[in-house]
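Enquirer: Next come the chains, spelled out residue by residue.
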Amino acid sequence: MLNYIWAVLIFIGVVYGALTGHMPDVTNGALDSAKSAVELCITMLGVMSLWTGLMEIATRSGIIETFTRKIIPLMRWLFPDVPAEHEAMSHMSTNMIANFLGLGWAATPAGLLAMKSLAELNTKNSESASNAMCAFLVINISSIQLIPVNIIAYRSQYGSVNPASIIGPAIIATTVSTVAGVIFCRIAQRHRHSKNGGAA
Amino acid sequence: MKFFLIISDFIIPLIMLGIVAHGIRKKRPVYDDFVDGAKKGIKTVIGIMPTLIGLMVGVGVLRSSGFLDMLTQVTQKFSDKIFFPAQLIPLTFIRMFSSSAATGLALDIFNQYGPDSYIGIVTSIMMSCTETIFYTMSVYCIAAGIKKTRWTLPGALLCTFAGIVASVLLARMM
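Chains A and B are the protein sequences, given in the same order. Under the numbering used here, the residue at position 8 of the first sequence is numbered 8, and the numbers go up by one with no gaps. Under the numbering used here, the residue at position 130 of the second sequence is numbered 1130, and the numbers go up by one with no gaps.
Because the hints were derived from the structure by calculation, they are not lab data. Hints should not be assumed to be uniformly reliable.
What the hints assert, rightly or not - Dumping the calculated SDA-like pairs for lysine to any residue here, alpha-carbon to alpha-carbon at most 25 Å:
#1 1148(B) / 113(A)
#2 1002(B) / 1016(B)
#3 1040(B) / 100(A)
#4 1027(B) / 63(A)
Given only the sequences and the hints, what does the whole structure look like? Please build it.
Expert: Structure follows, in structure tokens:
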């Protein structure tokens, strides 16, 4: 996917630049961008390391496990089809907590394990996603996140007066999108339930 | 809104305090753990550096050719009607397919308009509350051997749409 997107960026840029007589700008644009990418990485080294350092303390002192246990009631409500003691529940909780804290490296493996355990429960039609899978994916995609660390680092690199000022609004926005997703999941699950006589 | 701007100011220090306090209570060597974690952060950033250089060059070429400005002018009339900045249309679209390409465009917007401008703020919020729908769906569904995703895509699109609307409204309030 990215290979095509990147090629299209370069292709359109160079061809359009040639047609409109912007070739010197294109040259400068390419060189300047490469330079500012490295400058950006230097800013990010600091912000990112601060965050991953804190998260390492959190992970090693068991914050993920603590949260995972605490959200079990919520998980039961979100995924009524999954037995509470099934391992899919704990994988899904870990994935959500890790996403919430911005721990991408912990979120993806847990998410993939969750999908695999959900597949074990999905005996009826193994090629079609179960309600629980759809709900899990929608909530995952709605991307609930406490601190958008990358965005803060980018903002600080480009001279924002207060790079962290967007945290509050970002929390509201991510909550809005997640609530929309959860409502959609509830309606979609109920709809399927009644259609299949509560068996789905 | 003011309350949430206060949250913005307080949350990072409070998280630092909370995590360190939790670590001490669990008798962890907190500073050693921090340093180990920071090493991972360095590795992560160094790891994404080549990607970032590639994508920023790609977007930089597109920007300096004047193509993005042309695209903005073309879509302006339509996007003004829905109170959506025309400059953000390419970003909104790309965001669903590739996180790193979207980052490239977002950085270009910060560079062009500044992160504290209206467009910069919408970009910041939008990037924090949306996800690469198609990428995530394909990775997760392949893992579970799923071919029919049923109502996942409509749900994901709804979330993204809700997030974008919220971003625009919140940025107007800030």
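Enquirer: Now, for every hint given, state plainly whether the structure supports it.
Expert: So, going through the hints one by one against the coordinates:
no.	hint	result
1	1148(B) / 113(A)	holds (19 Å)
2	1002(B) / 1016(B)	holds (22 Å)
3	1040(B) / 100(A)	holds (19 Å)
4	1027(B) / 63(A)	holds (13 Å)
In this structure, none of the earlier numbered hints is contradicted; all agree with it.
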